[in-house]
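Novice: Letter by letter, the chains look like this.
There are 2 protein chains.
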Amino acid sequence: MNNFRFWSPTEFIFGKNTVKNIAASIQKYGGSKVLIHYGGQSAIRSGLLADVENELQNALIDYVKLGGVQPNPTDTLVYEGIRLCRQENVNFILAIGGGSVIDSAKAIAAGALYAGDFWNIFEGTVAVNQAVPVGVILTIPAAGSEGSANMVITRTDGMLKRPARGHQVLRPKFAILDPALTFTLPPGQTAYGIADMMSHVMERYFTQTPHVEVTDRLCEAVLQTIIEQAPVVMLEPHNYEARANLMWAGTLAHTGICGVGREEDWASHGLEHELSALYDVAHGAGLAVIFPAWMQYVYPSGVGKFAQFASRVWGIPETENLKDIALKGIQALKNFFISLGLPVNFEQLGAKKSDIDYMVEKLAINSGESLGNFRKLDRKDARAIYEIAAQS
Amino acid sequence: MNNFRFWSPTEFIFGKNTVKNIAASIQKYGGSKVLIHYGGQSAIRSGLLADVENELQNALIDYVKLGGVQPNPTDTLVYEGIRLCRQENVNFILAIGGGSVIDSAKAIAAGALYAGDFWNIFEGTVAVNQAVPVGVILTIPAAGSEGSANMVITRTDGMLKRPARGHQVLRPKFAILDPALTFTLPPGQTAYGIADMMSHVMERYFTQTPHVEVTDRLCEAVLQTIIEQAPVVMLEPHNYEARANLMWAGTLAHTGICGVGREEDWASHGLEHELSALYDVAHGAGLAVIFPAWMQYVYPSGVGKFAQFASRVWGIPETENLKDIALKGIQALKNFFISLGLPVNFEQLGAKKSDIDYMVEKLAINSGESLGNFRKLDRKDARAIYEIAAQS
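Protein chains in written order, with our numbering: chain A, 1 to 392; chain B, 1 to 392.
Because the hints were derived from the structure by calculation, they are not lab data. Honestly, I wouldn't trust all of these hints.
One copy or any two copies: either way a pair holds, since identical chains are not told apart in the list.
[What the hints assert, rightly or not] Listed below are the simulated SDA-like cross-link pairs for lysine to any residue, each with C-alpha atoms no more than 20 angstroms apart in a straight line:
#1 K33 / K65
#2 K28 / A127
#3 K305 / P317
#4 K173 / N3
#5 K20 / E53
#6 K65 / E123
#7 K173 / Y29
#8 K362 / R155
#9 K28 / R5
#10 K173 / R5
#11 K173 / E11
#12 K380 / S301
#13 K28 / P9
#14 K28 / K173
#15 K173 / P9
#16 K16 / N3
#17 K16 / E263
#18 K16 / H211
All chains, full assembly: derive it from the sequences and hints.
Specialist: This is the structure:
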């Protein structure tokens, strides 16, 4: 087990009708002038935005609104949010939505207190030492951004999708998680979320760091829960209990608790970002295509870990040789994604094999660097994985 | 799943040589005049106390010391600590030790900023709204107090051992966890710690709250890790990796993450407190005696949950009727405790059957109240459980 620091100070407020805590929670963390940041029409249509505005008005909390966050959120709206925060002296940002809205809110929060161009943070040249406090009302369990120190933004100029990780001051002050808010998520978005949260666990699970039994088992616990609850929410979208278990699993998947003490991987996220940047597909859909392909390519670098994944997570009997068990585990994951209606190859995703050269070229691999850790991938490896994903 | 709030803001600094972070960590949380609180000779003999004093002196941090915390820490030393904090204008308390030292430090931290008698907090008549910040260097993985909002103190007058739970401001600011500091723990103390951390999970695991799959699986993950690592640390006390997994499991067992969304039980802790108050035995030893007895008495109130415990945690095949599987799980726990050299009945603990009346009388059950939640226990039930523990 490696040395680590783990700090997850977010206050999670979970359950039915917890949105009614919103004014008190904002005030607890010093908010008096709020930027409400949200996505498209669903927050309006569902009445959630109006409910929040009512609560804030009743508590005499002043606010401005900035909607319109799209999946794969872009720098354009972040710049607008930063301008608005400065102009209106905003001292709290409330994100209502899923990972895209929260990530956009985090980028605004960091950018508003940084004198230069916020994109420097995503180029890795600047650390985030201060930020406007952020609170969350989560409506899409998927990205885990409500409990993480990470964010991903796409730069419109050149469609560069880039993550910024480990900026601890960006962890939300609180996250309100009401499973009932997820009842109306369409099946596709529910499934994308499932692939996303599973990927967050698996990016941590597949490590070469030895002796990480306790976090291995936590990862397996979260994965097993997701695998168990996913078919239920697909069949019964209004099943509160299944939605609740899935929602909390999605948060646990990404607070960091599943990754402490080990070198994490994150190659699949890197490979996927080029897909969703180029085709503007859902991140979770891209991950469902990339992750099994990545597994098929890298499993020989640690067949024992893949066999453990197969037997403990998928219940594959440990009666055969490790390679066969490992391959059955990968196939089980792929079958599971298919059962949720997720794409598992380029064609189903709407991606083109002929674009592989372009994606490989754009990958965030600087000269002399590699992608991932379970197996260090160069551009040749990345191309091979894209080709597996294209063919399968 | 029940509604819940989960807030665990403690910064966990885990790994080899992490004690060298002590001065920076204290300063990060505003400490300039520190009370170093510790137990007996081991912190002195090991050189840990001297190391810490050196670090503080080098950083020009002023401090006073108060040692002498005993297992089952008492109010006497808490009163002395409170006096010292006020007299010396202490603004940070550093606990070096295990649960007894940390709990004593928490009680001092709360009492120093409370004008009345700190014992009121343990009588449940006063909430803790402010406290001197506490930091921890953990030397005994067991109580989980380094990441919890709880504490237990014994009032010398009448030997009343009482818990105070859910005082969130008492969560330590940071906890330094170096597994190498636990190499020299004697086998007995190691085993008591294992029983204690397993009990913290099981007090949460056994619930009547339905649909708590994700936390059930987290509990099982932590228990399986402990069961796997415990024999290794007993055989190889200097095995860093096994000590590391066990230490982190002990913390996870009690931050609250294993209990969210469910009604927890805590009857066994209540029953045990009378044993350790009366005989001054280790809390973990008492729990090893009480928990299997409690299980044997209450399992008919939820045989399915006990069967799940047996099959998922202990690998008992699910081929028989639920009752038989449940009973095999309880026996497996008992056998495991025996394999660690733990007492599992009154005689082995040095407790007397003839004292049962006295213990039942002193139990913290007020008129009209009961103990625990999986099955609500009255004094008659408590007596029956003590009798099982006495006979088995």
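Novice: Now, for every hint given, state plainly whether the structure supports it.
Specialist: Comparing the hints with the structure gives:
For a Cα distance limit of 20 angstroms, the shortest separation of K33 from K65 inside one copy, 11 angstroms, qualifies, whereas the shortest one across copies, 45 angstroms, does not. Within a single copy, K28 and A127 get their C-alpha atoms only as close as 27 angstroms, which misses the 20 angstroms cut-off; across copies the closest is 18 angstroms, which meets it. In this homomeric assembly, K305 and P317 come within 20 angstroms of each other (Cα to Cα) only inside a single copy, at 15 angstroms, whereas the closest approach across copies is 25 angstroms. For the homomeric pair K173 and N3, the shortest alpha-carbon distance between copies (19 angstroms) is at most 20 angstroms, but the shortest distance inside one copy (26 angstroms) is not.
With identical chains, the CA atoms of K20 and E53 are at most 20 angstroms apart within one copy only, with a shortest distance of 11 angstroms there and 48 angstroms across copies. In this homomeric assembly, K65 and E123 never come within 20 angstroms of each other (Cα to Cα): the closest approach is 28 angstroms inside a single copy and 48 angstroms across copies. Taking the shortest Cα distances, K173 and Y29 sit within 20 angstroms of each other both inside one copy (7 angstroms) and across copies (18 angstroms). In this assembly of identical chains, the alpha carbons of K362 and R155 lie at most 20 angstroms apart only when taken from the same copy (13 angstroms versus 67 angstroms across copies).
Taking the closest pair of Cα atoms, K28 and R5 come within 20 angstroms of each other only across two copies (15 angstroms); inside a single copy the shortest separation is 26 angstroms, beyond that limit. For a Cα distance limit of 20 angstroms, the shortest separation of K173 from R5 qualifies both inside one copy, at 19 angstroms, and across copies, at 13 angstroms. Taking CA atoms no more than 20 angstroms apart as the test, K173 paired with E11 passes in both settings, with 6 angstroms inside one copy and 15 angstroms between copies. For the homomeric pair K380 and S301, the shortest alpha-carbon distance inside one copy (16 angstroms) is at most 20 angstroms, but the shortest distance between copies (60 angstroms) is not.
Within a single copy, K28 and P9 get their C-alpha atoms as close as 14 angstroms, and across copies as close as 15 angstroms, so both meet the 20 angstroms cut-off. With identical chains, the CA atoms of K28 and K173 are at most 20 angstroms apart both within one copy (10 angstroms) and between copies (19 angstroms). Taking CA atoms no more than 20 angstroms apart as the test, K173 paired with P9 passes in both settings, with 7 angstroms inside one copy and 10 angstroms between copies. In this assembly of identical chains, K16 and N3 lie within 20 angstroms of each other by CA distance solely across copies; the values are 7 angstroms between and 38 angstroms within a copy.
In this homomeric assembly, K16 and E263 come within 20 angstroms of each other (Cα to Cα) only across copies, at 16 angstroms, whereas the closest approach inside a single copy is 37 angstroms. In this assembly of identical chains, K16 and H211 lie within 20 angstroms of each other by CA distance solely across copies; the values are 15 angstroms between and 39 angstroms within a copy.
When each numbered hint is compared with the structure, a violation occurs for hint 6 only.
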